[in-house]
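Protein chains: 2
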Amino acid sequence: MSLPPVRRQTDPLHWEGVDVRVYKEEGEAPFRAVTRQVLFSDAALRCELRYFEVAPGGHTTLERHEHAHAVVIQRGAGRCLVGEAVFDVTPFDLVHIPAMTWHQFRATPDQPLGFLCMVNAERDRPQLPDAGELERLCASPVVAAFLGRTRT
Amino acid sequence: MSLPPVRRQTDPLHWEGVDVRVYKEEGEAPFRAVTRQVLFSDAALRCELRYFEVAPGGHTTLERHEHAHAVVIQRGAGRCLVGEAVFDVTPFDLVHIPAMTWHQFRATPDQPLGFLCMVNAERDRPQLPDAGELERLCASPVVAAFLGRTRT
Numbered sequence: 001m002s003l004p005p006v007r008r009q010t011d012p013l014h015w016e017g018v019d020v021r022v023y024k025e026e027g028e029a030p031f032r033a034v035t036r037q038v039l040f041s042d043a044a045l046r047c048e049l050r051y052f053e054v055a056p057g058g059h060t061t062l063e064r065h066e067h068a069h070a071v072v073i074q075r076g077a078g079r080c081l082v083g084e085a086v087f088d089v090t091p092f093d094l095v096h097i098p099a100m101t102w103h104q105f106r107a108t109p110d111q112p113l114g115f116l117c118m119v120n121a122e123r124d125r126p127q128l129p130d131a132g133e134l135e136r137l138c139a140s141p142v143v144a145a146f147l148g149r150t151r152t
Numbered sequence: 001m002s003l004p005p006v007r008r009q010t011d012p013l014h015w016e017g018v019d020v021r022v023y024k025e026e027g028e029a030p031f032r033a034v035t036r037q038v039l040f041s042d043a044a045l046r047c048e049l050r051y052f053e054v055a056p057g058g059h060t061t062l063e064r065h066e067h068a069h070a071v072v073i074q075r076g077a078g079r080c081l082v083g084e085a086v087f088d089v090t091p092f093d094l095v096h097i098p099a100m101t102w103h104q105f106r107a108t109p110d111q112p113l114g115f116l117c118m119v120n121a122e123r124d125r126p127q128l129p130d131a132g133e134l135e136r137l138c139a140s141p142v143v144a145a146f147l148g149r150t151r152t
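Respectively, the protein sequence lines represent chains A and B.
Sequential numbering from 1 applies to the first sequence in this note's numbering.
Sequential numbering from 1 applies to the second sequence in this note's numbering.
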């Protein structure tokens, strides 16, 4: 992928020559109202840098994988689950998702949540929680509330 | 390096647990008024993410190397040289520095220039221009003006 030296921001968090894509293929995994923009995917770099934006009330997929994420919040407000802890996040906060750690980002009801995410170019496929794993996660009232689930 | 899940921004573009360092060792290469903060340096990630801030009127080193850079402007205003072209940059613009391409970032006289820079964890040492190379670069009036040099 040959990149121009400079790609300007046009609208907020939209750029010249960068497509706004659906976060994942429909039906692949549960999510709500998330877009994905691949900012840097260069064979010379061993990571990619992507910008995700979760619309108000939306959320990314609850998932885990062997690869790690390095996140820098850029816009709006929300919360994230990392393992079994929930954190409020606002612009420029840094979030580290280690290997095989359940994680999800949620925008607040009235603001989007936009963030940069650095990830290895070569990476494994995300895993989704099965019913037992979800039950185990929701044993924590904080996690259950974050996921919008009452413990059964 | 074990990272906490969330490190919050404290002051603008300063973070909990992230040291503000001198850009390079003194005397190693010419630069002016630049700080460096390593945001993510994790063995599980094959790139690092750093935040550089150039104070008003300052500049990074004019250099080139085999490794590439992926830059996202975060704060202030400035200009950058990529190869033999000069670009104005403002927040959220994307800058790609390919292999072996001369580059430098300069803040405006009255504003800082802060940017994220993604780079391979394993990388070669930067090269500085010798007198002949600098002369060749400054054959372009635009580059000579950017570097603050009159063509001799």
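Think of the hints as simulated: they come from the structure by calculation, not from any bench.
Glycine included, each C-beta is placed from N, C-alpha and C at the ideal position.
Careful, some of the hints might be misleading.
Across the chosen pairs, the derived CB separations fall in these ranges [to be verified]: (1) A:ASP19 to B:PRO12: 25 to 35 angstroms; (2) B:ARG125 to A:THR150: 20 to 30 angstroms; (3) A:HIS14 to B:ASP88: 17 to 27 angstroms; (4) B:ASP130 to A:PRO30: 24 to 34 angstroms.
Verification of the hints:
{"no.": "1", "hint": "A:ASP19 to B:PRO12: 25 to 35 angstroms", "verdict": "holds, 31 angstroms"}
{"no.": "2", "hint": "B:ARG125 to A:THR150: 20 to 30 angstroms", "verdict": "violated, 57 angstroms"}
{"no.": "3", "hint": "A:HIS14 to B:ASP88: 17 to 27 angstroms", "verdict": "holds, 18 angstroms"}
{"no.": "4", "hint": "B:ASP130 to A:PRO30: 24 to 34 angstroms", "verdict": "violated, 58 angstroms"}
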